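Start from chain Y and add chain E according to the hints.
2 protein chains.
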Amino acid sequence: MPTDLERAMKTTVLKFYHYAKTDKKSKTLTHEEFKSLLHAELPSFLKSPKNAPSVEQMMSNLDTNNDGVFCFEEYVSLVAGLVMACSECYEKHLENPEKQCKK
Amino acid sequence: MPTDLERAMKTTVLKFYHYAKTDKKSKTLTHEEFKSLLHAELPSFLKSPKNAPSVEQMMSNLDTNNDGVFCFEEYVSLVAGLVMACSECYEKHLENPEKQCKK
Numbered sequence: 001m002p003t004d005l006e007r008a009m010k011t012t013v014l015k016f017y018h019y020a021k022t023d024k025k026s027k028t029l030t031h032e033e034f035k036s037l038l039h040a041e042l043p044s045f046l047k048s049p050k051n052a053p054s055v056e057q058m059m060s061n062l063d064t065n066n067d068g069v070f071c072f073e074e075y076v077s078l079v080a081g082l083v084m085a086c087s088e089c090y091e092k093h094l095e096n097p098e099k100q101c102k103k
Numbered sequence: 001m002p003t004d005l006e007r008a009m010k011t012t013v014l015k016f017y018h019y020a021k022t023d024k025k026s027k028t029l030t031h032e033e034f035k036s037l038l039h040a041e042l043p044s045f046l047k048s049p050k051n052a053p054s055v056e057q058m059m060s061n062l063d064t065n066n067d068g069v070f071c072f073e074e075y076v077s078l079v080a081g082l083v084m085a086c087s088e089c090y091e092k093h094l095e096n097p098e099k100q101c102k103k
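Protein chains in written order, with the numbering used here: chain Y, 1 to 103; chain E, 1 to 103.
The hints are simulated quantities; they were obtained by calculation from the structure and are not laboratory data. From a predicted model like this one, the values you see are computed outputs, not experimental measurements. Built from N, CA and C at the ideal position, the CB exists for glycine as well. Any given hint could turn out to be false.
Under the rule of at most 27 Å between Cα atoms (straight-line distance), these lysine-lysine pairs were calculated in the DSS-like manner [what the hints assert, rightly or not]: (1) E:K25 - E:K35; (2) Y:K27 - Y:K10; (3) Y:K47 - E:K10; (4) E:K92 - Y:K10; (5) E:K25 - Y:K92; (6) Y:K24 - Y:K35; (7) E:K10 - Y:K27; (8) Y:K92 - E:K35; (9) Y:K21 - E:K92.
Anything over 10 Å on all C-beta distances counts as not near chain Y; from chain E, calculated [stated by the list, open to error]: (10) T22; (11) E41; (12) N61; (13) N65.
Here chain Y stands alone, though its shape is the one from the complex (with noise of 0.2 Å):
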């Protein structure tokens, strides 16, 4: 039986290609298709006020072979860049358990 972080990494994989099948080319994201996993399975992360009208800024500097659209590698980067911003959070609540954090 997969652990909770074999299906945590399972998951992961299988939302980008949930996504990127919509249109012909299953293996990349285009721009729609980007947007809608943001806005279905990032909700939080939008609401964010830091975030929110930045999406177009992130997609251009997530796009780093600025082909149009984004690989699985480009994904993992915001998934990876998104986990770090979490960590930071929750080593702040380490610190100091009162404070709400804000990401």
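This is chain E only, laid out in the frame that chain Y set:
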């Protein structure tokens, strides 16, 4: 309610700190804590013939700042690498559903 992907990211964060807190230094993993995490949380990764003998090698590669412990960022680079490997496997499966992937 968190989405599947948000829960997956939370799991990825919490697993690190679960093992990191075994000793007084709760923001890094010692080699022993890292091996405990690997054996308990990523058994399939260790079982795959390609990876088993190279756990020591992998740990020395991951410890990019050579301080003898693993910070969260070094841990995330492992998880991201494994997720990339899973996606390669999954893409081969998409191309050839009958063929088993032996990553």
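Hint by hint, here is what the structure shows:
no., hint, in the structure
1, E:K25 - E:K35, "holds (16 Å)"
2, Y:K27 - Y:K10, "holds (16 Å)"
3, Y:K47 - E:K10, "holds (17 Å)"
4, E:K92 - Y:K10, "holds (15 Å)"
5, E:K25 - Y:K92, "holds (15 Å)"
6, Y:K24 - Y:K35, "holds (17 Å)"
7, E:K10 - Y:K27, "holds (25 Å)"
8, Y:K92 - E:K35, "holds (26 Å)"
9, Y:K21 - E:K92, "holds (15 Å)"
10, T22, "holds (14 Å)"
11, E41, "violated (4 Å)"
12, N61, "holds (17 Å)"
13, N65, "holds (16 Å)"
When the structure is compared with the earlier hints, a violation turns up for hint 11 alone.
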